[in-house]
Amino acid sequence: MAVVPSLMDSLFQRSIDDVIKGLRLCPPGTESIFISKSLDEIRREIKSTDPQTKATALHKLTYLHSLHSAEMSWAAFHSVELSSSAAHSYKRVAFLSASLSFNPSTTQVILLLTHQLRKDLSSANPHDVSLALSTLSAICNPDLARDLTPDVFALLASGKPFVRKKAIAAVLRVFEQYPDAVRVCFKRVVENLESDDMGILSAVVGLFCELTEKEPRSYLPLAPEFYKILVDCRNNWVLIKVIKIFAKLAPLEPRLGKRVVEPICDHMARTGAKSLAFECVRMIVTSLSEYDSAVKLAVAKLREFLLEDDPNLKYLGLQGLTIVSKTNMWAVLENKELVVKALSDVDVNIKVEALRLVMCMVSEDNVMEISRILISQALKSDPEFCNEILGHVLLTCSRNFYEVVFDFDWYVSFLGEMARIPHCRKGNEIENQLVDIGMRVKDARVQLVHIARELVIDPALLGNSFIHGVLGAAAWVSGEYIELSRNPFEIMEALLQPRTSLLTPSVRAVYIQSAFKVLTFCLSLYLKLNNGNGNVVVASSSMHRFTKESFVNLMNLVETNLGPLAGSNEVEVQERASNVLGLIKLIKLIVFGSEGDNVKGEVEASEMVKLIFDAFSEDLGPVSVNAQERVPIPDGLVLKENLGDLDDICGGDTEFSLPSSFSIVKLQKMDAAGTSDCTSKEESETLTESTSLLAEHRKRHGLYYLSSENAGTVSNDYPPAIDPKDKDADEAEDLARLTEESLVIKKKPNQARIRPVVVKLDDGEGFNVSAKKREVEGGDLISGAVQEVLLGNEATATSSSSRKRESSKKSRERNKQQHGHGKERKSQSTGKDKEHDGQGQREKPKRKSRQRGDGGALPAQSS
Amino acid sequence: MGIRFVLMVNKQGQTRLAQYYEYLNVEERRALEGEIVRKCLTRTQQQCSFVEHRNYKVVYRRYASLFFLVGVDNEENELAILEFIHLLVETMDRHFGNVCELDIMFHLEKAHFMLEEMVMNGCIIETSKTNILSQIQLMERAS
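Chains A and B, in that order, are what the protein sequence lines are. For the first sequence, the UniProt record's numbering begins at 1 and goes up steadily by one. For the second sequence, the UniProt record's numbering begins at 1 and goes up steadily by one.
Rather than coming from a laboratory, the hints here were simulated on the basis of the structure. Just so you know, not all the hints are guaranteed correct.
Said to hold, decoys possible - Here are the simulated DSS-like pairs of lysine-lysine, each with C-alpha atoms no more than 30 Å apart in a straight line:
1. B:Lys11 / A:Lys326
2. A:Lys119 / B:Lys110
3. A:Lys296 / A:Lys351
4. B:Lys11 / B:Lys129
Claimed, not checked - Far from chain B, some chain A residues (derived; all Cβ distances over 12 Å):
5. Lys21
6. Ile33
7. Phe77
8. Glu81
9. Pro104
10. Leu133
11. Ala223
12. Ser289
13. Leu395
14. Glu493
15. Pro505
16. Asn569
17. Glu570
18. Pro756
If you're wondering where the values come from, they're calculated on a predicted model, not measured in any experiment. A virtual CB, placed ideally from N, CA and C, is assigned to each residue, including glycine.
Could you build the full structure based on these sequences and the hints that come with them?
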């Protein structure tokens with residue numbers, strides 16, 4: 001590309017064709033240079049007073065903007081200028097550029113167009129009129145709408161059908177931007193419902209289709225007209241729209257449903273157009289779901305769709321079934337084989353729809369069968385769909401505290417199976433569920449320990465980093481419920497095997513902690529054995545070989561494997577290893593007896609060991625997230641006194657997350673002993689951030705924030721790491737107390753085979769997502785005005801109040817005593833509006849019909 | 001709203017026509033086009049023509065080297081939109097005589113006007129080819 005402008009360039013303006021050809025011939029990569037060069041030219045040319053030059057420049061600019069994302073807001077004024085040209089072709093260019101590039105809310109010069117648009121709307125040339133209408137519908141903003149309402153109103157009665165049709169289409173936009181226009185134009189719009197011209201009818205019905213989306217009740221009075229169209233019209237496009245309208249109106253008025261069900265079934269049966277048939281089906285299953293015969297016909301039609309080869313029809317068939325599944329489950333069950341077949345379809349979209357449908361079908365009786373089918377499907381599929389399946393299965397099974405699961409033994413093994421699937425990326429969820437079930441379902445623990453053992457023993461799994469989370473959970477389970485295990489020694493060996501060095505530090509820490517628990521358990525057995533207690537309660541047969549020797553071997557094993565870790569770089573690993581090694585030192589005192597006169601030491605040691613074991617013997621149950629709040633604050637303890645100021649200083653950094661350390665999710669990584677570690681760690685982290693500020697504050701108030709047992713040091717060091725052996729018992733006891741307060745065990749009614757008890761907490765765990773249903777804005781205003789027009793104009797009626805429900809209530813109260821006259825008073829509402837508003841609220845739940853079918857877990861959202 | 005946008009994109013992903021029925025600025029348009037094109041162009045013939053994107057759907061069909069993509073609300077009848085796309089192609093075919101990508105490139109404004117006759121404010125208002133084309137012809141004769 002020549003950089004120096006040639007004579008040709010400066011004398012002749014490049015036409016749009018030249019630009020296009022130039023772009024095509026451009027070597028790849030240099031397009032942006034070419035475009036910026038063209039833009040420079042355009043900037044020069046567009047200022048010209050010659051309309052031809054201006055038009056060409058604007059045309060080129062529009063092209064570059066539309067297809068190559070060139071910024072053209074700077075040329076807005078030129079569009080306006082050109083639009084006043086008399087020649088239609090220049091006007092066209094100008095208006096096209098306006099509709100493609102103007103932003104109704106920010107382009108300043110739109111108002112300048114008002115006059116021109118008005119002229120064109122009332123022009124004799126129908127093409128000018130149509131151009132103006134198209135532009136108006138593209139760029140309309142409230143000011144334009146308000147100013148041009150009278151002109152559009154005039155056009156609604158135009159003699160030329162195509163003008164009228166466009167006017168109707170444009171008027172919807174005007175209504176949206178300026179609702180008062182409804183009062184002026186509505187009657188004429190309604191008159192057009194009786195037109196014979198398909199174009200006009202299309203436009204009118206389309207307009208009502210849009211309006212009924214937002215607020216259907218106001219258009220009920222027009223039902224008879226719509227009915228006539230439904231029965232008489234032969235144009236499929238119009239019929240589809242009318243059926244959509246009835247889909248919104250029928251739920252509001254039962255008699256209406258009764259009248260339209262026949263014509264609609266009629267259409268569905270007779271039409272050759274699949275689109276119309278589908279619309280009928282959709283309408284019946286959403287709004288006429290009480291009419292069994294109609295639903296049966298609709299489902300039969302859906303079955304036809306599912307049997308077709310065309311993927312579009314299959315997809316729509318599945319979608320239809322999803323909608324039906326909410327009200328008539330039998331329809332889905334009837335077509336079960338087709339749905340399952342669709343699971344292995346080529347098309348991902350179809351597969352996902354089928355998967356969702358299968359999930360809808362899950363119930364207590366068939367969960368095992370369906371899971372089996374799905375897992376075999378998952379193994380055959382690509383990674384993404386495989387994970388999609390796993391995700392859905394996990395979600396459905398765990399919903400509502402494992403409502404659908406009857407046989408937990410099976411489910412636990414199933415979780416283990418899922419974790420081993422090659423592409424599985426749902427390790428996190430599986431991990432959570434393993435621990436959750438362990439805590440909630442006592443009867444499942446034996447099987448859980450069994451599955452955990454399999455996972456922990458397998459050296460191959462340690463190499464797979466995706467499964468580490470699950471391994472952590474397995475290790476935790478093994479440690480926590482060690483008394484249910486058949487062979488603790490085996491578990492210990494598995495937890496300490498050399499390949500565990502491949503684990504991430506946090507998971508490794510869990511392994512070590514579990515080893516700690518196993519050690520404690522074995523120690524307690526040893527002590528019982530030693531004290532001559534005949535009845536040693538063990539769950540396994542191999543324990544009869546439990547001797548001092550085997551215990552000493554165990555200790556040596558632990559020492560050998562964890563010794564090197566005491567010097568590890570990873571803090572968690574190092575600390576826990578050190579804890580265990582410390583315990584072993586204590587144990588050795590007891591086991592090998594005292595040397596010399598350290599009898600006192602031996603007694604102390606056994607005391608401590610007893611404490612530790614007691615700590616681990618308490619059953620760890622689920623703790624509610626809100627448990628911390630329930631702890632009564634002892635008298636005299638002022639929690640917020642100094643902390644309040646802290647917020648100002650530190651800007652909200654120092655949020656002590658004390659409650660969360662008791663939450664269920666964290667429990668899988670720590671237990672009673674570990675909690676204190678974590679809290680102190682969190683504290684030290686946050687202190688790091690604002691140590692200096694805190695020091696300042698301390699100096700000012702001369703106080704520590706926390707009444708810690710370690711008070712005394714005035715330095716700015718981190719509080720010393722709390723010795724777990726001291727705090728253990730206290731923390732564990734507090735925790736136990738809290739759990740007892742919050743536990744509520746729910747038992748299911750008697751069944752042939754008793755389902756294990758699933759512990760749930762009574763205060764509704766988890767965070768409730770408050771489904772905020774926001775009013776669809778704008779609908780109120782338009783429909784308010786429509787209501788007046790349709791139900792008869794009353795002199796006192798004015799448009800309904802502002803959009804928000806609260807302010808409308810306020811203004812209603814404010815203006816109760818006043819009468820509204822004229823159109824200026826916007827803050828009034830009549831009794832009819834009140835009724836309509838109130839009922840509008842109630843309608844929201846009915847819109848659930850448009851929701852996706854995946855078990856209905858999502859809060860209803862207005863479409 | 002009904003229809004939110006109409007795009008014509010070639011196999012290489014270059015936009016040949018872009019008509020939006022709600023305002024989006026330049027960056028948003030570019031981002032949207034990029035995302036949707038990527039989603040649709042990678043699909044095969046055996047897969048269905050409907051793609052869910054964010055809170056609306058895209059109905060598309062391929063004619064020779066050109067993809068026609070129409071973004072619609074979730075309520076819209078997908079099969080009807082497929083019909084509409086076909087109608088659009090047939091109309092252009094009749095007007096240009098065996099329409100191809102180049103025709104659209106060099107006569108972009110005509111394509112826009114044809115589309116304008118058929119869809120206004122996101123609603124389909126004219127479905128008769130004769131009506132649409134007679135309108136266009138009148139307009140061309142007048143200018």
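Hint check results:
{"no.": "1", "hint": "B:Lys11 / A:Lys326", "verdict": "violated (40 Å)"}
{"no.": "2", "hint": "A:Lys119 / B:Lys110", "verdict": "holds (24 Å)"}
{"no.": "3", "hint": "A:Lys296 / A:Lys351", "verdict": "holds (25 Å)"}
{"no.": "4", "hint": "B:Lys11 / B:Lys129", "verdict": "holds (27 Å)"}
{"no.": "5", "hint": "Lys21", "verdict": "violated (9 Å)"}
{"no.": "6", "hint": "Ile33", "verdict": "holds (17 Å)"}
{"no.": "7", "hint": "Phe77", "verdict": "holds (18 Å)"}
{"no.": "8", "hint": "Glu81", "verdict": "holds (19 Å)"}
{"no.": "9", "hint": "Pro104", "verdict": "violated (6 Å)"}
{"no.": "10", "hint": "Leu133", "verdict": "violated (8 Å)"}
{"no.": "11", "hint": "Ala223", "verdict": "holds (19 Å)"}
{"no.": "12", "hint": "Ser289", "verdict": "holds (17 Å)"}
{"no.": "13", "hint": "Leu395", "verdict": "holds (19 Å)"}
{"no.": "14", "hint": "Glu493", "verdict": "holds (50 Å)"}
{"no.": "15", "hint": "Pro505", "verdict": "holds (39 Å)"}
{"no.": "16", "hint": "Asn569", "verdict": "holds (44 Å)"}
{"no.": "17", "hint": "Glu570", "verdict": "holds (42 Å)"}
{"no.": "18", "hint": "Pro756", "verdict": "holds (40 Å)"}
Comparing the model with each numbered hint stated earlier shows that hints 1, 5, 9 and 10 do not hold.
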